[in-house]
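Student: Listed in order, the protein sequences are those of chains B and X. When you number the first sequence by my numbering, it's gap-free, plus one each residue, and the end is 428. When you number the second sequence by my numbering, it's gap-free, plus one each residue, and the end is 215.
Since the hints were derived computationally from the structure, they do not count as laboratory data. Misleading hints may appear alongside valid ones.
To be verified - Lysine-lysine pairs mimicking DSSO-like chemistry, simulated, CA-CA at most 27 Å apart:
id : chain 1 : residue 1 : chain 2 : residue 2
1  : X       : 61        : B       : 110
2  : B       : 389       : B       : 375
3  : X       : 61        : B       : 389
Stated by the list, open to error - Computed list of chain B residues with no C-beta within reach of chain X, every gap over 12 Å:
id : residue
4  : 22
5  : 24
6  : 172
7  : 188
8  : 295
9  : 319
10 : 353
11 : 423
Virtual Cβ for every residue (Gly too), placed ideally from N, Cα, C.
Listed below are the residues making up each chain.
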Amino acid sequence: MKTGLLGQKLTMIEELKISTYLHHVHLQAISYFQALVSCQLPLESYVGQLRALAIIHGALEHELEASPNQVIQAVWQADLKRMALLNQDLGYFSPRVVADVKASVDEALKVAEQIRLRSVQQPVSLLGYLYVLEGSALGAKVLMPQFARAFLLAGTEGLSYLNHYGAETYGKWQQFQQRINTTLGVADHREIVLQAACELFDHLKNIFTALYPLTPESMTYVVTSINPEAGRHPIPADKDEVEASLRAADRCWQRFPYYEARYGERGSRFAKSDGAWLATLYQYDQRQVRQQIEWLGRLLAVRGMPRIMLQVQLEMLVEELGKAVPAKRKEYEKLLFAANELHASRTKWFDEASIQALSHDFDIAVGPEWAGRFKDTGVLLVAAVADEKDGIEAAATSIEGWMTDASRFPAPWIEAVRSIIAKARGHR
Amino acid sequence: MMTNLFEESVYQEYLKNLLVGDKGKCLATVQNCLNHDVNIHDIYVHLFQRSMYEVGELWEKNLISVALEHLATSITESLLSFLAPQIFAAEHIGKKAIIACVANEYHQTGGRMVADIFELHGWDGYFLGANTPHHDLLKMIDEKKPDVVGLSLAIYFNLGNLLTIVEMIRSNYPNQAIFVGGQAFRWGGVDAFHGKPQVTYMAALGALETFLKAG
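Extracted from the complex, chain B is given alone in its bound form (with noise of 0.2 Å):
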């Protein structure tokens, strides 16, 4: 622990501040924020910071979220959450700023890399980018009128994030520091919160950087401004490929409750940005898009997801692209062959009539109110059955481990479920 000149014990916010002082000064001083403070900043910039700040923020919230660590049991907090705040601000500028910046998004994926790195490593630095990012909130509330008068917002609008704590922000700040203080008296957990604060600054410098001045070269299409947390994966380059893609997994959220019960927003994230992937796959031949969905069919039915959920969602986004660019909708068919190949490998073990009577008995054993609360549910787990039956491991243990959980669930749906598994399962 560091001393001051007179012998005082320096806390560890203490040490945060003079340790990343200077990073703090030189981020200030980046063109960026001049061309804020001078109304001279592309709305373009500052939707690229939302989409880089949503990027980290879904990795860093994800892993201190479900971190076991004491340590960061003691700091971390549901009020610490701004990803539905920058999710909300993305929303509000999402049909006038399409394209990303490539720089910005790439950097972000670093930090997004090594939270995860750190997570297994050293759980408790995370801490340090914790408080980069929560100090900023204090900033944040001095900078919000630029953004404001830079982008003639009114009130919150577009400016959830910046806004997180309103006028509630020093307090929160006040109790921030003093749980960073009472938790963190480690030696070592300190030093690894200080490099970890540090070296956020300057990942954060890189993508503020690379967010003024933009050219033509630095902008593109990129995943994780339908998903942050998507990784890299390609997507159409076509807006009207994209947006079709939206709609379809959106239209297939609804067909299955499930989704949303078990799965939830983040859930939804990913449905989108797959989709969109899946979007991009009528470019190539009938057997690599038939590879290509047979892996992440795969890749699904063992997270829960059985694979008819795939194929449902093949066919609406089928419909959707060929509504939307209709001069290509023999070229979209390609998706649909792939979606009826995975039908033929469930019915291959159940015929339609026979899923339909599991479905309906498990309804009857339901009762109205669960079976109309959770449509389709039958047809689901028969569903994953059939993929268990098809060689994917864990593919219906995934959905029934969830199925039958009891703080969920009641007792007569629990029976129904193990009741529908065990006849698939032993159908003939």
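Add chain X to chain B, keeping to what the hints say.
Tutor: Chain X only, in chain B's frame:
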């Protein structure tokens, strides 16, 4: 004694240490191999390649998180760096290989191992790293005039980028020998290169070793 070092128990212990992020113990295994004169190629195939494929499969089956997968990759990369002095000691034979990961492909460990295997056999192996932009690769081919261009694909959804760059190389350099390989091909995609005689699929490091030994 050398073959005993790749007994299943040694590999499983290495994998276990890799999956808990114990870089020290993984390094100890590698050091032990070197102390017993195990050749680098065998370390690459029996420890690194095998464990990286298995880590990829474990992630696909949702048995490990993406964070663990990335940690295992990071440890493996640091072990490659540890072995670098041995890699670059071979006498050079005047042949060149450019190895690159396709655009948007950030899993670079496999590509790096391939470049090292070329170096072990006395080639000049130019590893361009992850996410190689197409025009940068073409520029490098123009400059170095390699005997082989190797393209690495770890994740299946980057297949499109691989097909694109292969066509770009073929149209700009019709006689350029191209090798393609990587973990992604476990899911298929090899047939995309049928009818392209200058493209050779290398199923694993063993296939590359066979090619290099044949001269």
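Student: State for each hint whether it applies.
Tutor: Do the hints match the structure? See the list:
{"no.": "1", "hint": "X:61 / B:110", "verdict": "holds (25 Å)"}
{"no.": "2", "hint": "B:389 / B:375", "verdict": "holds (23 Å)"}
{"no.": "3", "hint": "X:61 / B:389", "verdict": "holds (16 Å)"}
{"no.": "4", "hint": "22", "verdict": "holds (29 Å)"}
{"no.": "5", "hint": "24", "verdict": "holds (29 Å)"}
{"no.": "6", "hint": "172", "verdict": "holds (29 Å)"}
{"no.": "7", "hint": "188", "verdict": "holds (17 Å)"}
{"no.": "8", "hint": "295", "verdict": "violated (5 Å)"}
{"no.": "9", "hint": "319", "verdict": "holds (23 Å)"}
{"no.": "10", "hint": "353", "verdict": "holds (32 Å)"}
{"no.": "11", "hint": "423", "verdict": "holds (26 Å)"}
Of the numbered hints stated above, the single one contradicted by the structure is hint 8.
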